[in-house]
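Novice: Take a look at the letters that make up each chain.
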Amino acid sequence: MAEREKKYRVTIGLEAHAQLNTKSKLFCSCPTKFGAPPNTQTCPVCLGLPGALPVLNKKAVESAIKLGLAMKCRIAKESIFARKNYFYPDLPKGYQITQFDRPICESGFLEIKSNGKKKKISIGRIHLEEDAGKSIHNEPFVPSEATLIDLNRCGIPLLEIVTEPELRSPDEAVDFVQRLQQMLRFLQISNANLEQGSLRCDANISVNTANARELSAKTEIKNLNSLKALARALVHEIERQKKLIFSGKVLNSATVLWDDKNQTTRTMRSKETAHDYRYFSEPDLLPLKISADLIKKIESQMPELPSAKIARFLQEYQLTEADAEILTLTPPRADLFEWITKQIGDASLASKWMIQEFLRYENNLFSQKKRTWEIDIAELLTLVKNQKLSWRAAKEIFSEMVVAKKSPHEIMKQKQLFQLSDEAKLEEIIRRIIDENQEALAQYRAGKKPLFHYFVGQIMQKTGGRADPKMANKILRAILDSM
Amino acid sequence: MDVTRLDFSQIHPLLLNGSVSCSRIVRDYLKNVNEGFPLNAFISILAEDAQIRAQKIDAKIRQKRAGKLAGLVVAVKDNILVKGIKTTCSSKMLADFVAPYNATVIDCLLKEDAILIGKTNMDEFAMGSSNENSFFGAVKNPIDHTKVPGGSSGGSAAAVASRQAMAALGSDTGGSIRQPAAFCGLVGLKPTYGSVSRYGLIAYASSFDQIGPIARSVEDCAKIFSVIAGHDSRDSTSSTHRYPAQFFSDIAPVSSLKIGVPKQFFSNDIEPDVKRNIESSVEKLRQKGAQIISVSLPHADYSVPAYYIIATAEASSNLARFDGVGYGFRSDEAKDIGNFYAKNRSQGFGEEVKRRILLGTFVLSRGYYERYYRKAQTIRSLIRRDFSAAFQKCDFLITPTSPTTAFPIAARSYDPLAMYLSDVFTVAANLTGLPALSIPCGQDRDGLPVGLQLMAPRFAEPFLFSVAKAVEKFCPSGEIENG
Chain A
1 MAEREKKYRV TIGLEAHAQL NTKSKLFCSC PTKFGAPPNT QTCPVCLGLP GALPVLNKKA
61 VESAIKLGLA MKCRIAKESI FARKNYFYPD LPKGYQITQF DRPICESGFL EIKSNGKKKK
121 ISIGRIHLEE DAGKSIHNEP FVPSEATLID LNRCGIPLLE IVTEPELRSP DEAVDFVQRL
181 QQMLRFLQIS NANLEQGSLR CDANISVNTA NARELSAKTE IKNLNSLKAL ARALVHEIER
241 QKKLIFSGKV LNSATVLWDD KNQTTRTMRS KETAHDYRYF SEPDLLPLKI SADLIKKIES
301 QMPELPSAKI ARFLQEYQLT EADAEILTLT PPRADLFEWI TKQIGDASLA SKWMIQEFLR
361 YENNLFSQKK RTWEIDIAEL LTLVKNQKLS WRAAKEIFSE MVVAKKSPHE IMKQKQLFQL
421 SDEAKLEEII RRIIDENQEA LAQYRAGKKP LFHYFVGQIM QKTGGRADPK MANKILRAIL
481 DSM
Chain B
1 MDVTRLDFSQ IHPLLLNGSV SCSRIVRDYL KNVNEGFPLN AFISILAEDA QIRAQKIDAK
61 IRQKRAGKLA GLVVAVKDNI LVKGIKTTCS SKMLADFVAP YNATVIDCLL KEDAILIGKT
121 NMDEFAMGSS NENSFFGAVK NPIDHTKVPG GSSGGSAAAV ASRQAMAALG SDTGGSIRQP
181 AAFCGLVGLK PTYGSVSRYG LIAYASSFDQ IGPIARSVED CAKIFSVIAG HDSRDSTSST
241 HRYPAQFFSD IAPVSSLKIG VPKQFFSNDI EPDVKRNIES SVEKLRQKGA QIISVSLPHA
301 DYSVPAYYII ATAEASSNLA RFDGVGYGFR SDEAKDIGNF YAKNRSQGFG EEVKRRILLG
361 TFVLSRGYYE RYYRKAQTIR SLIRRDFSAA FQKCDFLITP TSPTTAFPIA ARSYDPLAMY
421 LSDVFTVAAN LTGLPALSIP CGQDRDGLPV GLQLMAPRFA EPFLFSVAKA VEKFCPSGEI
481 ENG
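Each protein sequence line maps, in turn, to chains A and B. Everything in the first sequence is counted per the numbering used here, starting at 1 for the first residue and increasing by one. Everything in the second sequence is counted per the numbering used here, starting at 1 for the first residue and increasing by one.
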């Protein structure tokens, strides 16, 4: 750590909003599909029409409990919904139904990695709330004086996850968000996609001199729609606050927006003029009672969580920790690894293949509707395992497979990529090569031993890489030694 | 025969045996509606719809498939949504608002073949005790046109009392069914909170509001209640309690009753004529063998302040949706977004509504929440406890419905506090969620009706009806000439 760095202590807290992937909205039965035409997924309840009343979505409550259990939170036996009152054109009721002083989950943690070491980040609370609509302006199709409003998003269920201010660097913050994403996806309760807005993140950051007793004012950064933006915004804000401290100026608490294009923040409003939300308990909903039975039921249906999966992979497949972490990053990835391993009976080959070859095509392949490629990969790797194909050839076939969507056998036949492991045939080829390279042979025999590799190269070239390397080496050495 | 002089219970057998038709009934009522114009009881009249419906129901009667309320000509307070019909809440804000869906109670009535004759005038957004706060002008008391009909369901009460409707639906947040029923000499029921769905009722204060019937007889009231009561999955606060199918199977013999008379409710400034009539009714019940017990409700004095704090707090939030964005009044003078809200709301709402929104916003705001809102909630639970204790000693409570009979129009309109005190006996039932019924029990020296209020434990409406029937027998309500 540089001397300059030691003089400051960085404190970061995160507030993340995860959009739940329930079929219907939090307080009505409207669908929640992404990208539907504006205002087509609405009803009196989510439009806030006079007389309409909210009815709580049980699935959303179960999702909240799932995340709470996964993060070792205390699940409230009775939690209550509150109204957060403020005026905004895309907030049709004039208030948002959320949870305030009695959230559904409290005091848990999520383990992250910091400089290679494990670190627990406390989760203050997880609560349920409804999303607001979307105001559209500054688009080509919107007249300059007008604002259009799309209320499809109104009432979409969100989980708000609030950490304690225990993150100490942008790296830790990024790791936290990644692990949160991973958890949400493992639990299958949210797509947790930052770019699409199904995971939204605000960061509170405060830089202090290392010996300061109290936290100084903090900045809340909004609009962080990628991990890169999160990291950049934090780095930017840390530098800005350090400069202020260094020049003896006072930092005011503020809410800022991150402008990723210009790599800078711009002030939204100062905390002093912030709203008084006038929270009070939502009289249209009864207190939410969660029975021990429901918690037990959800507990029994919990999928294997990332940490447990890593531990099992280490033990069951003898992987390195780094490989296990990569392979368990998402449930489909972990499932695919296990499936392939089962098919080919070789975990180390499967893991090597997944990490070295598969990952670069992962998004493409997972997004395909027909999943025949899984079987193709297993077939391909079986050929590698049985030494019918060299790694290099398998790699070539695989890249062709992804593009052409043909089976490995077809490509193999077409490209003549079978591994040459016929001993007699290989010997014949090698003898011919030696015949054609009398000069090199003479030099080799005169003691220039590295020329052995020249011969290997020639064999590979002649066979188009199909020669079984081990067998070719053995035959070549035997012939050369006998001469 | 003037069919409009008959109660539903009297006319129903005649309908079924064919001596009178729905069409005839509707025609006669519509004639009264035309003549009753000076009372200003209606905002919308559904003449054509009612006539068409009457013919259809006549056909159903002939085919013996008519519903339980076939032939009931009912008026509906204009804060209850009827699909395709203007629902104004008597506000400029919603003067042109056409309801896009039916309130649950409307579906219930239509299913049993009731006939809607019109939407009734009311205090704007149900805020008032005199029906003078209406964008469409004050309603007059049919018994004495210089007097108020009571509020906020004054239009409903005036329509029934002047025989422009057989019965009506009102909504009761702090006495808005019972007080106008008392002022107009009718029976009005504020049901147990949660027993009638609030879906489609434009909310004033969610934790108090309850829809209920106003009718000329206890039996009519009970019949309507039996149709509109029941669980509604669209209202989360809706109870799953099931009332017995037959409401009058067990008429409690008066001699077995223990009647509680809360002493606090008789120490207030009650008009001597009101006091005399109530006391005489209690005495009559005693003569019939009922046991009279004096009970204490020590926190009753705080009912009015606690009610106005909580109700206005909820109102300030409930009315936030009326912002002129999606529907409702929109000023064309706005210059920016803050101004847009300010203009729409200051021009769209009347004075009393604005007063209550401001009061509610104040009591919820930071710094005052603890001093007002929280304390009022504490008082609310203390009052609940008072009532539970009282019902340990007696079966039901008797109080006046209002400390006065109908007062002159404009007498209190410039003294909001005096107006708020009109609710002194009625708000306790809303604070506690208990059922309460007002029944006429005589007249003052000017011939204005006096209302007697009966309050019972939760879901004891059938019991209230049977006691009210006993009162009805010895206190027949006076005949009113058509206003």
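These are calculated hints, taken from the structure and not from any lab test. Bear in mind that the values here come from a model prediction, so they are computed numbers and not experimental data. Honestly, I wouldn't trust all of these hints.
Straight-line C-alpha distance at most 27 Å; calculated DSS-like pairs for lysine-lysine [as the list claims (entries may be wrong)]:
no. : chain 1 : residue 1 : chain 2 : residue 2
1   : A       : Lys289    : B       : Lys375
2   : A       : Lys134    : A       : Lys119
3   : B       : Lys375    : A       : Lys134
4   : A       : Lys406    : A       : Lys59
5   : A       : Lys84     : B       : Lys56
6   : B       : Lys354    : A       : Lys84
7   : B       : Lys354    : B       : Lys375
8   : B       : Lys68     : A       : Lys84
Novice: Has the given pair, Lys134(A) with Lys119(A), been kept, meaning a C-alpha gap of at most 27 Å?
Specialist: Answer violated: Lys134(A) to Lys119(A) is near 37 Å, above 27 Å.
Novice: Next pair to validate is Lys289(A) with Lys375(B); report whether the Cα-Cα distance is within 27 Å.
Specialist: 25 Å, holds
Novice: Are Lys354(B) and Lys375(B) close enough, with their CA atoms no more than 27 Å apart?
Specialist: Cα-Cα ~23 Å, so holds.
Novice: Can the restraint linking Lys354(B) and Lys84(A) be considered satisfied, given a maximum Cα separation of 27 Å?
Specialist: 20 Å, holds
Novice: Does Lys59(A) lie within 27 Å of Lys406(A) when you go C-alpha to C-alpha?
Specialist: 41 Å, violated
Novice: For Lys84(A) and Lys56(B), compute the direct alpha-carbon distance and say whether it is at most 27 Å.
Specialist: At roughly 48 Å apart (the allowed maximum being 27 Å), Lys56(B) and Lys84(A) break the hint.
Novice: Sort out whether Lys134(A) lies within 27 Å of Lys375(B), counting only the CA atoms.
Specialist: Violated - the C-alpha atoms of Lys134(A) and Lys375(B) are around 38 Å apart, more than 27 Å.
Novice: Checking one constraint from the list: CA of Lys68(B) to CA of Lys84(A), max 27 Å. Satisfied?
Specialist: With Cα atoms ~43 Å apart, Lys68(B) and Lys84(A) exceed 27 Å; violated.
Comparing the model with each earlier hint shows violations of hints 2, 3, 4, 5 and 8; every other hint is respected.
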